[in-house]
Amino acid sequence: MTILSAIPGFHGDQTSLNPVGPGAARIEHTFAVIFWITAVVYCIVLFTLVVSVYRKRHSLDTMPDPQETSAASDRLAERAVAGAMIVTAALLFVMLISSFRTSRALGKMNDDQALTIDVYGHQWWWEVRYPNTNGPYKIVETANEIHLPVGVPIRIHGTSRDVIHSFWAPNVQGKRDLMPGYDTDLMLQINRPGRWRGQCAEYCGEQHAHMSFYMVAEPKEQFEAWLNAEAKPAVAPGTQQTVHGQQVFLTHACVMCHTIRGTAAGSRVGPDLTHVARRATIAAGELPNTIGNLGGWILNAQALKPGCRMPPNQMSGSDLQDLLAYLETLR
Amino acid sequence: MNAVVTQTGMTEAERRKAAQLERIWREPPGFIGWFKAVHHTTIGKRYAITAFIFFLIAGLLAGMMRLQLAFPEAHILSNDQYNQFFTMHGTTMMFLFAVPMMFEALSVYFVPLMVGTRNIAFPRLNAYSYYLYLFGGIMLYVAFLCNTGADRGWFSYVTLAGPDFGPGKRPDFWAQLITFTEVSALAVAVEIVVTVFRLRAPGMSLNRIPIFVWGELVVAFMVIFSLPGVVLSSTMLLLDRTCGTQFFNPAAGGDVLLFQHLFWWFGHPEVYLIFLPGTAIVSTIVTTFSRRHVFGYLVLVLALVATGFMAFGLWVHHMFATGIPQIAESYFTAASMMIAIPTGAQIFCWIATMATGKVVLKTPLWWVLGFFFTFILGGMTGIFVASVPVDLQVHDTYFVVAHFHYVLIGGAVFPLFGALTYWFPKLTGKMMSEMLGQVTFWLFFVGFNITFFPMHVVGIRGMPRRVYTYPAGMGWTTLNQIESLGYILLFVSVSLFLWNVFRSFRAGEPAGPNPWRAGTLEWATSSPPPCYNFLHLPTVNGREALWDAAPNQPVVVGLDEDTRSFLTTRTLDAEPDSKEEFPAPTFWPLLAALATTAAFIGSIFTPWGITIGAIPIAVTLIGWFWPVKQAAERRRAREIWQTE
Amino acid sequence: MADRVEAALLDVSNLPSVVFGIRSITWWGIIGMMAIEGMVFLLMIASYFYLHSRGLEWPPHSNPPALFWGTLNLAIFVFSAIPNEWYRRRARKGDLRAVRIGLVALALVGIANLVVRYFELRHLNTDWSIDAYGSAVWTLMGFHIVHLLTDVVDTFVLAVLFFTPMVEGKRFMDAAENADYWYFVIISWIPIYLVIYWAPRWLHA
Ligand code: HEA
Ligand code: HEA
Ligand code: CUA
Ligand SMILES: [Cu+2]
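Residue numbers (the working numbering), protein chains in the order written: chain A, 17 to 347; chain B, 149 to 792; chain C, 101 to 305.
For the record, the hints were derived by calculation from the structure and aren't laboratory data. Think of the CB as a built atom: it goes at the ideal place given N, C-alpha and C, for glycine as much as any other residue. Check the hints yourself; a few may be wrong.
Below, a sample of chain A positions facing chain B; criterion: calculated Cβ distance under 8 Å [stated by the list, open to error]:
#1 P80
#2 F116
#3 C220
Below, computed lysine-lysine pairings styled on DSS-like, alpha-carbon distance capped at 25 Å [to be verified]:
#4 K777/B <-> K193/C
#5 K248/A <-> K236/A
#6 K124/A <-> K236/A
#7 K506/B <-> K72/A
#8 K510/B <-> K72/A
Throw the hints in and build the complete structure from the sequences for me.
What follows is the structure, given as structure tokens:
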């Protein structure tokens, strides 16, 4: 994609023109085919238009008499139009074939051995689960950050618990809607380690703008280590402060909505917080996961992400300090 | 604003005839009379002005959106406001501006003139349709001002707009707006079909119908067959929301994609409802300003008809990302790309017309040239999104936003501005300023491309649409700022256009009946046309009625001059067939529209709205159709029965 | 236009003013309405089958609608075609007596249809708010009721008109077109009847 990718800024972590997986790469190929064909046709058609108008322009002072047209004088034009139609049909055919081939290639990515990851869309965050199908892992649940091994086929199995969302990480693969009542599968693979950003692409209400996620592609061993750690329940609080922090969590509304495996908190309304401190961002990619952001979020999520499904919470400064200290241990 | 122009050079007999026709056809005078009007030029003008005001309002909303998007993580609009703004912008542009302007306004005003008759078929229905459209639009904006503005996007997918996730009354107002506009569009569609099939001037056989009329006719048919889709989807949505039906509730056997299929069954043809009148305008303007009969009349007509048919086989291309079976994907990709063939055929024919004519580059033609540059670009990006794999990347990003503004503005708004400039003299009797017109054009053309071209790039760089803000550092900020600056040029340009209209209306040069020396019948009468349209009902001898007229081209005589009588002709060959009579101006359409409005708005709040509300509607309709005794007796005295 | 001075004349004063069927513009208007409404029915039926294709059990957890009343209505509709056709033809001849009889007869038939329709609704064996199947059945039914009601009211109004001194050619045109519309009500009932009453039986696995 010479011309387009030459424009600065194209090597970002959320663009369809910097593919890091076979899906996006295939698509970029068809994009290029269509781009070049249509660009050339566009130039030729408009060039012809400009030349025709320029050659036949007439003074603006009068509207001349309508001219007699004869079949003979139009003969040349007839041939030109017919020729252009044939070329149009032929070029459409080329683009069609390119598109079909890419569709087939994307279809072929289907692989029964692929590692399956479940992704459920919520207003406005992503629930991520690693089901215990063909590996040693117990069920692992996290949010908004999808770790996966590099160079291996992955199946994103998705659905939605509320409205329609669309799972889309453009560097990796085209998008797929997650719809209530439907299970959808999206095959993908990432060949370059890194953090690739994705974002919900189907309008889903108040905070559709802040519903992003990261795909973290890691070498296999690193991924497995991550997965094993995620599979463990939360560490028991060690210090007095964190013990109190846990108490704060369990006695406030938090427990109504969140899960911390290994504690009494087991609700599914909001993201699983068992290992929240290991995530780089909170609130579906909106905020870096720092103590300050976390504190502000807990006190008044509505100020940071208006409309989101987490209510403001009232607690004393010291309770908050302890709660934050506790959350920081959830690694 | 009177018939002075025609009156010079009239014989004494003609002057008497004009006075008689004036007495019979005049719209009722005064403030009260305003509400009784039924002539198609009156209603057509109202449609046009109302639709244009909606365009301005939606354009201002777009300005606020562009302001918000000019800075990352901006707080000029709250997320809640932005969501209402873009939904209102899209809904207004599509349902209250583009379709009513390109179809209702233009066809109601021009089709009867172009086919050479005295009014549109079913003039009272026509008035009724206008009032419904107006009341629907007012309802939507009153709700918006009460912070109940639609906020689920212009196609309000379920379950987002359903009872569980669309609290309050916002989606109900949206759905009910659809009901208003669909009733009005359907009414006009029937009127146009009948006007074109039965009311053409003698001699205007099928192969002599002006392309503009063909375009609006095809659109009318498309309205008839596509709108039922959205009738159903919005009815089901309302029923789900107010009566507890379960059409879209997956937990009770309902299905979310059903809504999308029904909506796009209408929604895809809708974009051609907007675009085909645009092409019809282009054909008209290109013909007049190339000073020759259009090249490839038959090809152009077939292309319109083909596009009309094919439009019904494309709807799924808006749903590629939902995961459609591969065989269906292939079909819809192929069908979507194939639509480039009829569109390309039209474009090549227009270029051929100009290449073999004498091109007079006045403002209307400039707009048409702008159409070529912008629409073709939008059509090309249409080919991108028609490819399933490519669409999986660019669907619901700014790339699609760029695509549809290029085709909508390129394919409809550019031709529309051309049309307004072209027909302004017909509507007002005054010419618009050529200089201001060209400046407006260039500002708009440049501003448009600055605003919308970067959206392609921002889209492939991964910016989704319908986001009220975006983080810095994504490579989107600068491009968004350029887009927002482009809006300023658009704003200046539209303002200049308004000024041009204003000053030309007051002090433009007099136009005379046919300032462009064009060939279609609307130019055969004075500007503005008298309330009876034509002093002598014309007959037609060729595709461009005025250019091809024989030296002694006959005129129609023998219609009763003391009633609003008109001539019907046969559908294929336009041979005279019968005489009928138009109904008189009346309040009933207004009353019926008020009753309908009450029922529609009532049903937002209670299911009884439509059931109880049906009674006043029935009463007003009976009043509407109840005959007047005197007229009945007069007709009975003169009637001639058809011989079988 | 200056050439028009000596324009020839096309005299249309002898054309008929009372015309029927394809020659009448209101007839075309009614055909347009039928096209729109037919399309609504078609898409609603398509939606019914679409919902069926998504659910495993059809009808879900309930019995199909009881056959008796729907079939009875079908019979009434089909037989009403006979008086309908009769007065439609007489209207074209301007036969006042026949049209009066026909309109009154059809108004009564319409009442019968409505009464039977009431019992139909009571025996649908589902509710619109239970599931999507119920919603689809009731909506289809609802659409047809609206058409039935419209035509019955129209028939009544026309019948009244035909007993006033305002009868003229145009009213005969109205009567003939009212009969045409009744055909639409009849014909659209046939597929809707099949869908509501028979589809659940045939589709029942
Ligand atoms: C005026 C309105 C208009 C017109 C005319 C078109 C024209 C076309 N549109 Fe567009 N479209 C919209 C309005 C329009 N569209 C809107 C509003 C949406 C978005 C709705 C929403 O989501 O909000 C949309 C969305 C949309 C989508 C869904 C995208 C998505 O949501 O992901 C698709 C997919 O196939 C598509 C395809 C096309 C195609 C193939 C054409 C073709 O008709 C274009 C054909 C024309 C040409 C190709 C140019 C001229 C041809 C030549 C000069 C011949 C030579 C050409 C070649 C060799 C290629 N359109
Ligand atoms: C025909 C249709 C049409 C037209 C003409 C336009 C015109 C414009 N549109 Fe829009 N647009 C849509 C149809 C249209 N649009 C649709 C369907 C959507 C999708 C909505 C959705 O996602 O649901 C959309 C979405 C859309 C978005 C994306 C929003 C999002 O996804 O978040 C944006 C963003 O920039 C935008 C911008 C603009 C701009 C800048 C114009 C400009 O061209 C406007 C130019 C107009 C003016 C500049 C007006 C000037 C006003 C005056 C001079 C007033 C004078 C004062 C008075 C007397 C009142 N439009
Ligand atoms: Cu989730 Cu947009
Ligand atoms: Cu489309």
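Against chain B, is F116/A within 8 Å by beta-carbon distance? Constraint on F116/A satisfied, holds at 6 Å.
Do the numbers back the hint for C220/A, that is, is its least Cβ distance to chain B under 8 Å? holds (6 Å)
Against chain B, with CB atoms and a cut of 8 Å, does the hint on P80/A hold up? Check passed: Cβ of P80/A comes within 5 Å of chain B, closer than 8 Å.
Hinted pair K510/B and K72/A, Cα distance within 25 Å: holds (14 Å)
Keeping to a limit of 25 Å between CA atoms, is the pair of K777/B and K193/C held or broken? holds (22 Å)
Taking 25 Å as the top limit, are the C-alpha atoms of K248/A and K236/A close enough? Status holds; Cα separation ~19 Å.
For the pair we were handed, K124/A and K236/A, check the Cα-Cα distance against 25 Å. holds (23 Å)
Holds or violated: K506/B with K72/A, Cα cutoff 25 Å? holds (5 Å)
Figure legend: structure checked against the earlier numbered hints; every hint is met.
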